Structure formats: C-alpha cells, structure tokens
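Now for the letters of each chain:
2 protein chains.
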Amino acid sequence: MADNPTAAILIIGNEILSGRTQDVNVKFIAERLAALGHKLEEVRVVPDVPARIIRAVNELRAAYDNLFTTGGIGPTHDDITSECVAEAFGVPWQKHQATWDALERHLGAENFNAARQRMAMMPRGAVPIPNAISIAPGFSIGNVHVMAGVPKIMQSMFGTLEQKLGRGTPISMRAVHGLRIKEGSIAAGLGAIQQRFPMLDLGSYPFYRESGGGVAIVAKGTDAAALDAAIAEAELLIVSQGITPVRGEPAI
Amino acid sequence: MADNPTAAILIIGNEILSGRTQDVNVKFIAERLAALGHKLEEVRVVPDVPARIIRAVNELRAAYDNLFTTGGIGPTHDDITSECVAEAFGVPWQKHQATWDALERHLGAENFNAARQRMAMMPRGAVPIPNAISIAPGFSIGNVHVMAGVPKIMQSMFGTLEQKLGRGTPISMRAVHGLRIKEGSIAAGLGAIQQRFPMLDLGSYPFYRESGGGVAIVAKGTDAAALDAAIAEAELLIVSQGITPVRGEPAI
Chain F
1 MADNPTAAIL IIGNEILSGR TQDVNVKFIA ERLAALGHKL EEVRVVPDVP ARIIRAVNEL
61 RAAYDNLFTT GGIGPTHDDI TSECVAEAFG VPWQKHQATW DALERHLGAE NFNAARQRMA
121 MMPRGAVPIP NAISIAPGFS IGNVHVMAGV PKIMQSMFGT LEQKLGRGTP ISMRAVHGLR
181 IKEGSIAAGL GAIQQRFPML DLGSYPFYRE SGGGVAIVAK GTDAAALDAA IAEAELLIVS
241 QGITPVRGEP AI
Chain H
1 MADNPTAAIL IIGNEILSGR TQDVNVKFIA ERLAALGHKL EEVRVVPDVP ARIIRAVNEL
61 RAAYDNLFTT GGIGPTHDDI TSECVAEAFG VPWQKHQATW DALERHLGAE NFNAARQRMA
121 MMPRGAVPIP NAISIAPGFS IGNVHVMAGV PKIMQSMFGT LEQKLGRGTP ISMRAVHGLR
181 IKEGSIAAGL GAIQQRFPML DLGSYPFYRE SGGGVAIVAK GTDAAALDAA IAEAELLIVS
241 QGITPVRGEP AI
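Residue numbers (UniProt numbering), protein chains in the order written: chain F, 1 to 252; chain H, 1 to 252.
Not one of these hints is a red herring.
No copy labels: a pair is met if it fits in one copy or bridges any two.
In silico lysine to aspartate or glutamate, EDC-like type, Cα no more than 20 Å apart, as pairs: (1) Lys152 / Glu183; (2) Lys182 / Glu235; (3) Lys152 / Glu210; (4) Lys182 / Glu104; (5) Lys182 / Glu110; (6) Lys164 / Asp3; (7) Lys182 / Glu233.
What the hints contain is simulated information worked out from the structure, not anything from laboratory work.
Treat the numbers as computed from the prediction; the structure is a model and nothing was measured.
Chain F with its partners taken away, still in its complex shape (with noise of 0.2 Å):
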C-alpha cells in the first residue's frame, strides 16, 4: 500500500466533541477511500474555533495527498470553515459569482439574506462540490475538500468529488472469525503471519455478543494473492486451536 494516495479527515464540529453528535462520516468515507485505493492516514476532531481550524487544515494538506474536511458550511455563526480554509491558503475569501446567482434564484431575492450570502462565499480559485439534496455546494481548494457534516449531503458530495480524484489500487478486507478463540493463544501465531505477509496490514478483534464471543483476523491491503493466502494461514491458526474458522466478519 506504499504506492497509495494518503488522505486525511478533519471533522469540525462542536457536536462530536460535547458528545451530542455519533460521527458516521469517518466510517462512511473510510470505506469509499479505501476502494479508490486512497490510504486514510489520520483523522482530526477540532471545535468551530477559527485557530484550531486553520492549523489543522495547514498541517493536515501539508502531511497528506488529500484533506476532506466535515462540517462547518452553513449560514449560521458557528459555520467558520469556508474562511478558515481561505486563510489557511492565504487567499480572499470572496463571492463565488455562479453559487452566489444559483442561491438567489433559487432562494428568491428576498430570502437570499446576509447569512445565507456567506454559503456562496468561497476562497479564491475554490472549486464548487454541487450535491443533489441543497442548492449550496462544499469545494474544493488544492488538495483541501470541504464537505458538509449533515450526513446525507456530505455523502452526496463525496459522490460528486470521488469522480474527479485520482485512482489508486483499491484497498480490500478479508476476514476470519473463529468462536471462543482467545487472542493471547494465537497471538505468536498472527505475529508469524504477519512476518510473512509484510506486505499486508493484519489484525486481530476481539468480538463480544451474546451467543458467545471470539476473534476476528482481518487482512487489509492491495495485493489480492496476499490477502487470500494471509486468511487461509489464518484459518490453520484457528483450526490449531481446535476451533471451526467462519469466514468474513462475525455478525453482532
């Protein structure tokens, strides 16, 4: 996976700190990077205050081949992201002439009031990200992609963005799972594996559910021969144990 794109996530929001809000958009846009090939590498949870903001956009793009940020692109006070991410850039923060009309005529005029005139505000040379559920689209700047935190629009964006993003070798999961397994048995066993398969990302998940507990062993990475033949070692391991290995993730 060295040859990957490497992406990072900076979710703004005062929601998911104060623990008001359960984060759904880290899952949701870890899973499509993944099957672009895009690495995800960090993700960043900072408050709506315009420092924290500006200094993690500038060292998150710094660090990695692309930035998606969530949340933060509305009309009210606390939606601070579009200029932060201008003077991160250190460039205007003006109106963006075609969102700027398309809001106005869409709103009306009379309804296009001064708060809902900041979401046609963008930093010069940003690149709008339209969303089939509201009029007012994120952007994107450099390798900086600024995306709604609303669940269902952020989607919406991504969808739209992940078109234009570069490609790299898609990033796959295998899984086995064996009952009543217990980590510290296998662990010398996994460890071995993983020597083995330098190449791949191995794992092991401890799982909890009512009709009985175990272990997941997860292989992630591009090379698909690998992956395979990580699992079936895997799969010894368990039967090792004197355990029946299920394949894929346990259900919970």
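Given chain F's structure and the hints, the job is docking chain H onto it.
Structure of chain H alone, referenced to chain F:
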C-alpha cells in the same frame, strides 16, 4: 468554560481508519467528560505505527490537561500502545510485577505465554487502571490514560479512572427544536443570541427524518441561568418564524 480542565482523545486503530469499525468510544468519553466538567478539545485517530503514536501522544499530552487513549493494549503484534507511550515519556518499558502476578495466577503459568506477558509490561511509573471485564488493566502515566479499544472494557476502565480525575463545573447542554425551520432564516437572530451569551457555545443543527425535518438549537456551557435564558430566547426566535418550538433534541 474557560476554567474547565481540557482533554483530548487519541484513538489508536487501523480498524477505524479502514472503515471496518464504527467508533463509539468518542461519544461515550465525550459525554462523561462533560458531566465531570472536563472540556474535550480534540480527537485524533492514528494507525498502529510507532512513530505516529509517539508523536501524537507527545503533542496531545503537552497541549491538554488530560489525554485519553483507546486501543492497542492487547497481546497481539499490532498492540503497541504501551511501549509507544513509554517511548513518548522517555522511560523504560518494564514488567509491572503486580499485574504480572495477577495475570499469571488468573491464566495459570502454562497459559501465561510471551504474548500475554506483554500485557503486564508498562512504562516505568505507570499506575494500572483495573476493569471489571478483563484481568489485563489499562494504565495512567502522568496525564495520559491508556485504555482498551473494546467499548465494554474501555467503559469499565473509564469508570475506574473518573473517580481519580479532578472535577470541573459540569458542562450542560440545553436544546430546543422546530420543524420546518430553515437555518438561513434564523441565522442572524441566533448570532445575536450568541453575542449576548458569550460564555456559552450555541450551535444550530439541521435534522432530517421521514416525518419532516427542521433545526435544533443547542446551547452548551457551565452557567445554568445563562443556558436557560439563551434557550428561552431561542424559543422566541422559533416562534418569530411562526413555528411552535419543542424543548429538547428531536427524536430521530
């Protein structure tokens, strides 16, 4: 909330970055921290890579009063949080005798293999965080609190830990919502309320559901009288739109 202790969460887990696992630990810790009066200021998710973990631990423990980590403390090859925290603090990673003895007694000497012995290793000076589910503890060192990634075990560890954490003034939330409210129509009024209550964080969150969407207005802070007054003003703002406000969050 300026006087509240600050906190960060570091999630160590390839399984979150790959999209395999939906994180639920942030919301749990965030809610409990708010009740304890600690202000969660940042969350990061990093992969199971030593340099990345060490750097994130050092940046976050320097920036905030407390750092809570989840994940990477089991017996397998990808469980490297403990030695990384030792490295971050520049102290030896060594046998914690009481934990070693407890694990050996519980498992039996014949099952206490090299992989499981790793769970009895801690940075020098660490204090175990017992839990009700597993014999293997988490640990605290300085202002860093290292917990399991499995939610049930993490939650039990946090329960142990919170008795030792200092208390700040609890951070409360109040909410009111209105159906068919448009954010753009109330943005100016809401911004004015925020200006009148600078000690609070006011947020506005659109919601979508089959029976009809709207907007929730949420106020967060430590000043109960201010919270009540701000939410009363938010109610009037909703009324001014010809909509009947409903106290609390919308049921989804």
